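Undergrad: Residue numbers (UniProt numbering), protein chains in the order written: chain Z, 1 to 282; chain W, 1 to 330.
If you're looking for bench data, these hints aren't it; they were derived computationally from the structure. What you are looking at is a predicted structure, and each value in this text was computed from that prediction instead of being measured. Some clues are possibly wrong.
[Said to hold, decoys possible] Label pairs and their calculated CB-CB ranges:
| hint | chain 1 | residue 1 | chain 2 | residue 2 | range |
| --- | --- | --- | --- | --- | --- |
| 1 | Z | 137 | W | 241 | 31 to 41 angstroms |
| 2 | Z | 144 | W | 47 | 16 to 26 angstroms |
| 3 | Z | 203 | W | 179 | 47 to 57 angstroms |
| 4 | Z | 228 | W | 81 | 43 to 53 angstroms |
| 5 | Z | 23 | W | 119 | 18 to 28 angstroms |
[What the hints assert, rightly or not] Quick look at which bits of chain W chain Z covers, simulated, 3 or more residues with Cβ under 8 angstroms:
| hint | region |
| --- | --- |
| 6 | 124 to 133 |
| 7 | 141 to 154 |
Backbone N, C-alpha and C fix where the C-beta goes; we use that ideal spot for every residue, glycine too.
One-letter residues, chain by chain:
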Amino acid sequence: MSAVTSRPRKPGRSKLGWNLLGLLVVLTAGFPVYWMLNTAFKPAKDAIDPNPHFFPSTFTLENFERALDIADFWGPVTRSLVVSAVVVVIGIAVGLLAALAISRFAFRGRKIVIVGILAVQMVPLVAMIIPVFLLLNDLGQYDKISGLIITYLTFILPFTVWTLRGFIVNIPKELEEAAQVDGCTPTGAFIRVVFPLLAPGMVATSVYGFIQAWNEYLYALMLMSQQNQTATVWLSNFITKNGTEYAPMMAGSTMMAVPIVILFLLVQRKMAAGLTAGAVKG
Amino acid sequence: MSAADTTTAKVPPVRQSPPPGSTAGTPAPRAGKSTGGAGVPWLLLAPCLLVLLLVLGYPFVRLVTLSFQKFGQPQLWGFQEPESAGLENFTKILGDGEFWAVVLRTVIFAAGAVIVTMVLGMAIALLLQRVSPWVKVLISIVLVASWGMPIIVATAIFKWIFDADYGVLNWLLSRLPGVDMIGHNWFASGPQGLAVIMLLVVWGAVPFVVITLSAGLTQVPKELEEAARLDGAGAWGVFRYVTLPILKPIIVMLTTLSVIWDMGVFPQVYVMRNGHPEAEFQLLTTYSFDKAFVVNDYGTGSAIALVTVLLLLGVVAVYMRQMLKIGDVE
Numbered sequence: 001m002s003a004v005t006s007r008p009r010k011p012g013r014s015k016l017g018w019n020l021l022g023l024l025v026v027l028t029a030g031f032p033v034y035w036m037l038n039t040a041f042k043p044a045k046d047a048i049d050p051n052p053h054f055f056p057s058t059f060t061l062e063n064f065e066r067a068l069d070i071a072d073f074w075g076p077v078t079r080s081l082v083v084s085a086v087v088v089v090i091g092i093a094v095g096l097l098a099a100l101a102i103s104r105f106a107f108r109g110r111k112i113v114i115v116g117i118l119a120v121q122m123v124p125l126v127a128m129i130i131p132v133f134l135l136l137n138d139l140g141q142y143d144k145i146s147g148l149i150i151t152y153l154t155f156i157l158p159f160t161v162w163t164l165r166g167f168i169v170n171i172p173k174e175l176e177e178a179a180q181v182d183g184c185t186p187t188g189a190f191i192r193v194v195f196p197l198l199a200p201g202m203v204a205t206s207v208y209g210f211i212q213a214w215n216e217y218l219y220a221l222m223l224m225s226q227q228n229q230t231a232t233v234w235l236s237n238f239i240t241k242n243g244t245e246y247a248p249m250m251a252g253s254t255m256m257a258v259p260i261v262i263l264f265l266l267v268q269r270k271m272a273a274g275l276t277a278g279a280v281k282g
Numbered sequence: 001m002s003a004a005d006t007t008t009a010k011v012p013p014v015r016q017s018p019p020p021g022s023t024a025g026t027p028a029p030r031a032g033k034s035t036g037g038a039g040v041p042w043l044l045l046a047p048c049l050l051v052l053l054l055v056l057g058y059p060f061v062r063l064v065t066l067s068f069q070k071f072g073q074p075q076l077w078g079f080q081e082p083e084s085a086g087l088e089n090f091t092k093i094l095g096d097g098e099f100w101a102v103v104l105r106t107v108i109f110a111a112g113a114v115i116v117t118m119v120l121g122m123a124i125a126l127l128l129q130r131v132s133p134w135v136k137v138l139i140s141i142v143l144v145a146s147w148g149m150p151i152i153v154a155t156a157i158f159k160w161i162f163d164a165d166y167g168v169l170n171w172l173l174s175r176l177p178g179v180d181m182i183g184h185n186w187f188a189s190g191p192q193g194l195a196v197i198m199l200l201v202v203w204g205a206v207p208f209v210v211i212t213l214s215a216g217l218t219q220v221p222k223e224l225e226e227a228a229r230l231d232g233a234g235a236w237g238v239f240r241y242v243t244l245p246i247l248k249p250i251i252v253m254l255t256t257l258s259v260i261w262d263m264g265v266f267p268q269v270y271v272m273r274n275g276h277p278e279a280e281f282q283l284l285t286t287y288s289f290d291k292a293f294v295v296n297d298y299g300t301g302s303a304i305a306l307v308t309v310l311l312l313l314g315v316v317a318v319y320m321r322q323m324l325k326i327g328d329v330e
């Protein structure tokens, strides 16, 4: 604010320019989302009109009906829900302990652990798909939800540890010490003082982890067969030999994206704070 | 405590360097915790390390061994034991002109995507500080919507927008005087198609950069900016000598993460090309995937994946140094 107001120039005019630029950003960045919604609600024949309709001529839900019966919808969605929920529960439980260790204790090898957990995030998932596929094949976990859950921990866990750590370092240690002075044990101080303060951060991290697991595509594609596919892979059902059914596909996309985007809206502010703390604080 | 505190605390040239391997000596707020025994943190870490070892450590070792093996369909079904291939997989790919073309293409693609993402992200983050509150709200909503969009959904949307016959983009461009793009197939050529995919990647990546940088920008002390301005610095000067140095740790982190993500782009290419990327569209990820699962040569696929990981290590090294520095500050 003060960066702008302290300028000697007429503030009203310079703001107008910035606002116009801002609106340009809104239009460009928002267009794909708008186009998804627009296509989802217009009659399928409007979607393949050479002159695109920028608003649905008639508002219809038939694309959603078509999307729902193009292939089983609720099966993949249920599987995605189960996988994401279990991954998050395990991730948070295991990750919280680890995050505590690296943010509240000074111990030998702490730095190595931090670097290790970060390094793990660097390995691209695609690089691991071959051995993971073979491993699950050997363990009889191929095409099993449990197998998918195990593999999703590879990217959920490091992320969880790292962001929870960001939230923990934001809670002043003095609070815990004060509680200990008042007679709490270290564990008691943690449960009564830190844990409640950490709760919003844990919720945000869980939601984020959930979204990541929900959105994963490659492992879901490779490790599950057609009849056990998850929600992201379900979307490819609209691509047929005779072309892509775009209008129902956009309806399907809407069903998959809207809940996720709403979840995102709810927690993103919290997450940005946690991530920034994670980035700049040891 | 804020980003600014930690980073400005770093600015004085020489810090007392703590003895290696021990963080206890650092003049940090949390150095107080010396009680509790060394066993407790390891106990807390054990489940996490165990899981990571199982789900990542073992497959990684397997990746390395695989890349030195002849491993195809018969070995997969267990009809034959995998036999050692020595360096054969590596000599095969490293001696293959196509592989190097893929490496080059991947590096250009990733570099392009990262640079565009970071520049746009920084520009929008700075813009956010200057617009009216209601524009700021609008931008934030749009950014969060595109950020939260599942990659696979975003890919589907872009495919639709860029559709040759009914895509809205060709129609829009054709409104421009002298432009006729109706029926133009964006995916007829690799570079053009990859540019579209790069746009898709950037569109999905910019929001994270903007939101993180915005959070960082709020921590830039206003007094420092004021002081710089009083000393006669222009907008660019303030940015270059005040804002940028303070944001540096965040920028380094974001750039590194972007490099890792953009080198690992897979579903965007795979889905955009209906599961069969043409030679001109192959990046290291899809190339490795193809070798393994289409040609059923898991050894070679693993070797390519391993080379990708090694390539990334160079970048990771920079990130690690930054992280270690941050670790020193506490």
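Undergrad: Mind taking a look at whether chain Z covers the region 141 to 154 of chain W? Criterion is 3 or more residues with CB to CB distance under 8 angstroms.
TA: The restraint on the region 141 to 154 of chain W holds, since 14 of its residues have a Cβ under 8 angstroms from chain Z and three suffice.
Undergrad: Per the hint of 31 to 41 angstroms, is the separation of the Cβ atoms of residue 137(Z) and residue 241(W) within bounds?
TA: violated (57 angstroms)
Undergrad: Tell me if the beta carbons of residue 144(Z) and residue 47(W) are separated by a distance inside 16 to 26 angstroms.
TA: holds (22 angstroms)
Undergrad: Take a look at whether the Cβ-Cβ distance between residue 203(Z) and residue 179(W) falls inside 47 to 57 angstroms.
TA: holds (49 angstroms)
Undergrad: Does the Cβ distance between residue 228(Z) and residue 81(W) fall inside 43 to 53 angstroms?
TA: Given range 43 to 53 angstroms: violated, Cβ gap about 30 angstroms.
Undergrad: I want to verify a distance hint. Is the separation of the beta carbons of residue 23(Z) and residue 119(W) within 18 to 28 angstroms?
TA: holds (20 angstroms)
Undergrad: Count the residues of the region 124 to 133 of chain W with a beta-carbon closer than 8 angstroms to any beta-carbon of chain Z: does the count reach three?
TA: holds (count 7)
Going through the hint list in order, the structure does not satisfy hints 1 and 4.
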